[in-house]
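Fit chain to chain and form the complex, with the hints in mind.
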Amino acid sequence: MQNDITDKVMATLGVFVRATVYVMLILPAVIVVIASLTQGDSLSFPPKGFSTQWYSNAFASTPFMSALWTSTKLAVTATVIVLSVGSAAAFAIARYRFIGSSLFQSIALSPLIVPVVVLGLGLLQFLSWMGFSQSYLGLFVGHLIIMLPYVVRTMVTGLLLLDRTLEQAAMNLRAPPFRVFCRITLPLLVPSLITAGVFAFVTSFGNVTLSSFLASSGTVTLPVQIFTYVEYSYDPIVAAVSTIVIAVTAVVILVIERAVGVDKLF
Amino acid sequence: MDKNTAVLTLKNLNKTYDNTTAVDSVSLDVVKGELLCLLGPSGCGKTTTLRMVAGFVKPTSGSVLIQGSDVTNQAPYRRDTGMVFQSYALFPHMTVAQNIAFGLQNIGFAAKAQTERVHEMLQLVELEHLSKRFPAELSGGQQQRVALARALAMNPAVLLLDEPFSNLDAQLRVRLREDLRALLKRIRITTLFVTHDQEEALMFADRVVVMRSGRVEQVGSPAEIYETPATRFVAEFIGWCSLFEGVVDGQGVFTTGKSIRLPLDHKPGPATVIVRPEYVKPAEALGSGPVFEARVTSNTYYGALCRLRLDVSGQEVLMEAHYPYGHGPSIGDRIEIRIDPKGARRLPAH
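Chains as they are written, first to last, in my numbering: chain R, 1 to 266; chain X, 1 to 350.
Think of the hints as simulated: they come from the structure by calculation, not from any bench. Warning: the hint list may mix true and false statements.
Example chain X residues on the side facing chain R (calculated, C-beta under 8 Å, incomplete) [unchecked claim]: (1) Ala54; (2) Phe56; (3) Phe85; (4) Ala89; (5) Ile107; (6) Met154.
If you want the footprint, here are the derived chain R segments under chain X, 3+ residues with CB under 8 Å [said to hold, decoys possible]: (7) 157 to 169; (8) 181 to 189.
Not the full set, but computed from the structure, chain X residues with beta-carbon under 7 Å of chain R [said to hold, decoys possible]: (9) Met83; (10) Ser87; (11) His93; (12) Gly103; (13) Asn106.
In this text the structure is predicted, and so the values were computed from the model without any measurement. In this text, a Cβ means the ideal position worked out from N, Cα and C, and glycines have one as well.
Isolated chain X (complex conformation) (with noise of 0.2 Å):
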């Protein structure tokens, strides 16, 4: 990545609380444009490494470099960043058009400037009409857009989202997650996020940065990180995987000690391999690949597809799978499935 283009630098970023450490050794670089995402389990250090970015947290050690020029001790009203708080903080003393006028006040915009600039904003989150209200009378996804609309006119260098989407319902969750992305590339802001969310990750980030107790794991692509995880931790927390432990032979064939058997084009020894539910399907919907015997041990019903937990003479299989209205196996059936060679991943030896 070329250095230059860095909006947002972290440079061996290190927060310990007492004795606990929150985050460790982070670096990482996002460029002009970019939206990248912190995805972790809670207390993974995700949202820390926001608010020192913010600079609503100290660290520890390392620093922060905003635009190339290093913030890390510079108090977070002078620093180039909008943020969108999780609970959107909108100041419930004023209006929808003063909560955005508030932060042009403060950067010395004059009074006709700020009309102009509140207008545009609000146009851009489609809200003109409710410039008047307070925060106490708009909905969540309302509330939200505010919050975006008073970050954004500040024009900041860095977009930090906390949690952007925790508050919304389900359906608006999904629907706003588009039309953000969407609107945040078209303005081509640099944004940093962070969710607990994987799915949310993956369809809302150009990279993701997985994170656990304070590290990072794996930085990629949202493809790269689900299809190649580096790590057994961000294989199982993306998504839904089978892992096989087991040996590569001389002859490129993978065996587990419980009868899985799959062809694998990968250097002799031992080997962690993962396989995504997609990759599993029942013997007759998939033309090649090796068939196992499998027993249904449970069957979840999502809809458009089935989620099974198979077992395979003792080593349990996931499988999604589509079933015709009324022929999914039951608990304790017996069924023939078939694992696709293409879809088994090795994890990388540590």
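Pulled out of the complex, with its shape left as it was, chain R reads as follows (with noise of 0.2 Å):
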């Protein structure tokens, strides 16, 4: 009886600290979808009015829509390079017993444990010794830095479970080595590429330490440029321009559930 009370009473705890925690992490992106549709011109909640005059005001501020751009372009172009150096270091991680493998997997991970304001000091100091700073390109190779050590641990992972006598079994069936990688490798390995190019993109997308350090005037990423915004101006149009963002973010994920399923995924 004392135990049914207990339980009880932890059941409806249980069930108020989850009912906290998802409010406390929708809520904010509830609260800016909102404020995004006011008719005032300062950022407030709840709203004054409805319109949608801050979207059409975010498409067609050239400064947030280039951000955009540069910022997708960005992760895109450095999720697909990311995923096939990651999974290369990862394959070599998983698979093969070579001297300082350890060692190359720490320096993988690395990224992970220095704090991204030092990496980006380092990287600014780095980059302009090689005479690359305040270029796209550093941008590019700064964004891989942080992005790889989630590609490398996620496909360790999946490749660490990938059952090898599956491998074997198709090489029984005289299937040469390429074959059996695209074959049986690769198509096991979807669920992991997914999952890793998901936590690379978003990693990239949403960076603003890093990219603060080494964009520059050219290569503005959308986070930094709702940063420096937000700093001498409050109009809703941040709010306009996160909802995009929100809802592209939403169909990405939308996408790949009904493709594969997100509970396959993490």
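Take a look at the structure:
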């Protein structure tokens, strides 16, 4: 009986805590979306009236749109590159024993541990010494570095969980190594690749710290643009831009969910 | 054995890892249509041997010949072997039909021929109705049959089975074993299979190779292995038996120091004799043979029969007997037993 009461109290508390967490996670996004629909010209909640004028303003704003384009281009190309580089590294780590393999893995994962500010500062100095400062290439390389650990970790796990007897079975069925890779290994790694890709994309797309160190006038990313914008202005255009970003992200997740199922990803 | 008919030949096969020897000078011939079993406890090198035939493990020395040609240095995907893995290793992202067709595509079957062959194989293992299912949607027994169909579709020179029944429950195992044996015999495929289960080896194989610590202990038909084991290890690993150490005298009588006396028509000298438990019976159940007084030290009930451990003046004797319901002896009881001298086998001296 005593246990019953304790159980019930704990269960109720659990529901409460969960509800709080979900609300705290979702509420900021909801507030931004609602605030973006204001008629007034300052960011406030609840909004004054209803209009979509800030969306037309956002789409008409060259700084925001070019920043959105820069961010998207950067995140997409860097994701493609980091997936190939990171998967190759993961293959080496998961499948081969070589001298310094654990050191290699630690280096690949180190951007997770080193504070991004430190990394940004270091890269800034390094790139200017190399003559690449304030260039798109420098920004690109910086993003690759912070995306890499997510890809390596996800792909190493995916490879270690892959049953290698499947590859042997394919070989036994007369498939040469490249065919085994294309028909067996790669298809079975698709969920891991998508997970790694989502992590990498989000890491690049949302990064402020590193981008603000490495961005120049021509290569301002969207988060940096938003960040600098709100420093001197507080109009609802940022809310509208943020809502666009939320919508795009939601669509991407939805498409992946339809294609492979999100439960398989994480 | 006629060398020309050997489909698979192992010559002096060795495999050493660092300082441990996994397989030690194994030589074998498997003839066309034969079911040969590698039997032994885990770590005896049987699986390593199988994997060397498939090409997944490279021998340290020695050679593997398939249909007369040396494949020792050939990659796995160039060898004419079909393997059924212990875990079946079905491709989870392909349907049953796609799993079977995979190998056919690799050896250049045209689309139409593929479909026909897949259908033929599914008929053979009686799974036509499941061709569009994914492996995860099949039972263990069905998965095993798909794995078999996938290997057989390639019409390999040698079929390799790695503990094919170990993932199935006991009842299913017995039935599938009989079915599979009948099927393999019908299509006359040369098969090398690995197991640690002696019952499986005896009922399934035409010839059994007993392995221990990487070496071949004995090769023979199931009956030879069971009835006339070559070594003490084989005697003890295959089934149950009593072991007597003693001497054969000039009159053809075998005696141990502990009052076992059995007529044994062998040349005089020290001898190790084994007696299978079915040759030991309660005195009243066997017409002739020497009678011994025994004390029951354990009695395990197996349904159709009981397995008893008996103490005959300090010598352990094992007996299998049927007792009418409620009449089995209890621990500590004194009973009279007879040992059928026909069941006494002298182990070859080493």
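So, going through the hints one by one against the coordinates:
no. : hint       : result
1   : Ala54      : holds, 6 Å
2   : Phe56      : holds, 6 Å
3   : Phe85      : holds, 5 Å
4   : Ala89      : holds, 4 Å
5   : Ile107     : holds, 5 Å
6   : Met154     : holds, 7 Å
7   : 157 to 169 : holds (count 5)
8   : 181 to 189 : holds (count 4)
9   : Met83      : holds, 5 Å
10  : Ser87      : holds, 6 Å
11  : His93      : holds, 5 Å
12  : Gly103     : holds, 3 Å
13  : Asn106     : holds, 4 Å
Against the hints set out earlier in the document, no violation occurs for any number.
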